[in-house]
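Asker: Below are the chains, spelled out letter by letter.
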Amino acid sequence: MAELDGIARLRHDLRSPLTVVAGFAELLASDRALSEDDRRDYAQRVLNAAGEIRTLIDGARLEPER
Amino acid sequence: MSLRLVLIEDHPALREGLELLLDRAGCDVLGAAGTAGEGEALVDALDPDVSLVDIRLGEEDGIELSRRLLGADPGRRIMLYTGSADEDLLFSGLDSGARGYALKDGSPRELVEALGAVARGGTYVDPRLAPALLSRRSTERQPSLSGREREVLDLLAQGLTGEQVAARLVLSAETIKTHVRNAMSKLEAHTRVHAIAIALREGFISPPVGDRG
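Here the protein sequences line up with chains A and B, keeping their order.
The first sequence begins at 1 in the numbering used here and counts up by one.
The second sequence begins at 1001 in the numbering used here and counts up by one.
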């Protein structure tokens, strides 16, 4: 049960950074008029969110060992 | 005129990202907050057209915040925002009086359209919630709605306001209100959005056109 709660929590926690990834990836793919600064800024947001997702998944892998 | 909104979301990267994405989509983001208390103060001070409220605000509860905001001013328009498709959470959210319920799975474009519908006095329930709503269909009592009541709820579910539904069906606004009241009573719904959610769940109406699948 505790493990199920952990999975439900992980699924929920992943949504916010995933929304950031999807939102800015869509913007990068669709707007060709973006300035170089904006492009770099948005790509960095995608990378940061991807890093957060990786950290959440790694944390979840360690969970059963605790 | 651009949509004036307040954003209440505890995840810093998503909050900042939404501010930027919604601003680029033509919205006027008046302010953004990461906690229920800050958000409540912003809504009080800025009187936005619509407030986007994350359901889980750290240890705080966005549904409770929605209840407080609407208790102070029932005319406020609240869109709840969540990563969870949990059915009980959906009904609890709609019971708070919020006029919209959006999932984080949606694209920024969908979110802007949904916020616009709610700001104009319409309602919105994320179409991705239709399967969860429909799953209860066979297990619960199905009160009968008249054809006209179904038609009215169907148009409201598409984001039309009561006035727009009246114009579309060539009826008076008062008649539309009566149909909505009767439908709410039959469905034992507390709010208009709640009635739409139940009607979707019971299969009386379909998810909005263009959002199916």
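These aren't lab readings, by the way, just hints derived from the structure by calculation.
Source: prediction; values computed, not measured.
Don't take each hint at face value.
[Said to hold, decoys possible] Only part of the chain A face toward chain B is listed, based on derived beta-carbon distances under 7 Å:
#, residue
1, Arg9
2, His12
3, Thr19
4, Gly23
5, Leu28
6, Ser30
7, Ala49
Every residue gets a Cβ at the ideal spot worked out from N, C-alpha and C, and that includes glycine.
Asker: So, Gly23(A) near chain B? Judge it on the closest CB pair being under 7 Å.
Answerer: holds (5 Å)
Asker: Measuring from the C-beta of Arg9(A) to each C-beta in chain B, is the shortest one below 7 Å?
Answerer: violated (10 Å)
Asker: Given Ala49(A) was flagged as interface, is its beta-carbon under 7 Å from a beta-carbon of chain B?
Answerer: Hint holds; Ala49(A) Cβ to chain B Cβ min 6 Å, cut 7 Å.
Asker: For the hint on His12(A), just tell me whether its beta-carbon gets within less than 7 Å of chain B.
Answerer: Status holds, d = 5 Å.
Asker: Grab the minimum C-beta distance from Thr19(A) to chain B and call the hint holds if it beats 7 Å, violated otherwise.
Answerer: holds (4 Å)
Asker: Would the stated hint for Ser30(A) survive a check requiring a Cβ distance to chain B of less than 7 Å?
Answerer: This hint is violated: Ser30(A) lies away from chain B, its Cβ roughly 10 Å from the closest one there, beyond 7 Å.
Asker: How about Leu28(A): closest beta carbon in chain B under 7 Å, or not?
Answerer: With Cβ-Cβ at 12 Å, over 7 Å, it is violated.
Violated hints, in rising order: 1, 5 and 6; the structure is consistent with all others.
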